[in-house]
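Produce the entire structure from the sequences given, and follow the hints as far as they go.
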Amino acid sequence: MITRRNFLKSAAALLALVPLRAVAAVWNKAAFAATKPEAALQGLGITRPQSSSEIDLVAPDFAENGAIVQIEVESHIPNTEAIAILADKNPTSLIANFMFSNGAIPKLITRVKLAETCELKVIVKVGDRYYEASKNIQVAVGGCG
Amino acid sequence: MADLMKIRAMLKGDTTEVKVLMLHPMETGRRKNDFDEIVPAHFIQQVSASLNDKIVLEAQWGTGIAKNPYLTFYLKDAKIGDKIRVTWMDNKGESNNIEAAITAA
Chain R
246 MITRRNFLKS
256 AAALLALVPL
266 RAVAAVWNKA
276 AFAATKPEAA
286 LQGLGITRPQ
296 SSSEIDLVAP
306 DFAENGAIVQ
316 IEVESHIPNT
326 EAIAILADKN
336 PTSLIANFMF
346 SNGAIPKLIT
356 RVKLAETCEL
366 KVIVKVGDRY
376 YEASKNIQVA
386 VGGCG
Chain E
20 MADLMKIRAM
30 LKGDTTEVKV
40 LMLHPMETGR
50 RKNDFDEIVP
60 AHFIQQVSAS
70 LNDKIVLEAQ
80 WGTGIAKNPY
90 LTFYLKDAKI
100 GDKIRVTWMD
110 NKGESNNIEA
120 AITAA
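For the record, the sequence lines run as chains R and E.
Just so we're aligned, residue 246 is where the first sequence starts under the numbering used here, counting upward by one.
Just so we're aligned, residue 20 is where the second sequence starts under the numbering used here, counting upward by one.
Calculated directly from the structure, the hints in this document are not laboratory data.
Treat the hints with care, as some may be off.
[Stated by the list, open to error] Here are the simulated lysine to aspartate or glutamate pairs, EDC-like style, with alpha carbons at most 16 Å apart:
#, chain 1, residue 1, chain 2, residue 2
1, E, Lys25, E, Glu118
2, E, Lys25, E, Glu36
3, R, Lys352, E, Asp109
4, R, Lys352, E, Glu118
5, R, Lys352, R, Glu377
6, E, Lys95, R, Glu319
7, E, Lys38, R, Glu317
Here is the structure:
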């Protein structure tokens, strides 16, 4: 017989079986759908990022083709947990959010699309503190078609 | 299916460099085709990487990652022969993964 108590018990047991990873791995639709950087940051729970010289952001000053712009990001801030990448002039601001664990170095190289000349911004998460670095990139032909 | 992803993991000094290439259209949902029809959004949303079955990197992507995504990431405390697996999943629920053992540079 299914009593409320038994139901709750088994529901709790089931929940306990779901690995944490599956819960963390829900795509952050609110953040990625945001058309303004402020809204994207809000979607990620990022508050008051401080500018930091401990973040390396390597990207071209001038991008001939906005469809493929290679960027390199490295955080030298101890205990960096995540790096988010945003472009203020893209149709949706948030490009990616990378979360590091178990010996991953907070450093990555990837290729992004830039719709037009913009401010490329990276935000580093360290516990509940946030740090940022940005770079202006001139884009000749936009790549967000 | 193996051709949809490429991976190379090399130990350089005390750091392992993992390079991954994924073949994927990364359609934004805003592009129009030659018939002036919107091409539906089709893009990778999640990427995860594990070292010997332990998660080391989890990424969420939007449409701003370039077509045929390229990613390099770095690990410390990894050894030659250790297994790296990279998995992606897109907005249509399609996914793919590839595994490689770390080699000497």
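Against the 16 Å threshold, does the CA-CA distance of lysine 352(R) and aspartate 109(E) hold or violate the hint?
Answer violated: lysine 352(R) to aspartate 109(E) is near 23 Å, above 16 Å.
With a cut-off of 16 Å on the C-alpha distance, tell me whether lysine 352(R) and glutamate 377(R) pass.
holds (14 Å)
Would the pair lysine 25(E) and glutamate 36(E) pass a check requiring their Cα atoms to be no farther apart than 16 Å?
holds (14 Å)
Hint check: lysine 352(R) vs glutamate 118(E), CA-CA at most 16 Å. Holds or violated?
violated (21 Å)
Sort out whether glutamate 118(E) lies within 16 Å of lysine 25(E), counting only the CA atoms.
Given pair lysine 25(E), glutamate 118(E) holds - Cα atoms ~9 Å apart, limit 16 Å.
Is lysine 38(E) within 16 Å of glutamate 317(R), Cα to Cα?
holds (13 Å)
With the threshold set at 16 Å, check whether the alpha-carbon distance from lysine 95(E) to glutamate 319(R) stays at or below it.
holds (14 Å)
Checked against the numbered hints above, the structure violates hints 3, 4; every other hint is satisfied.
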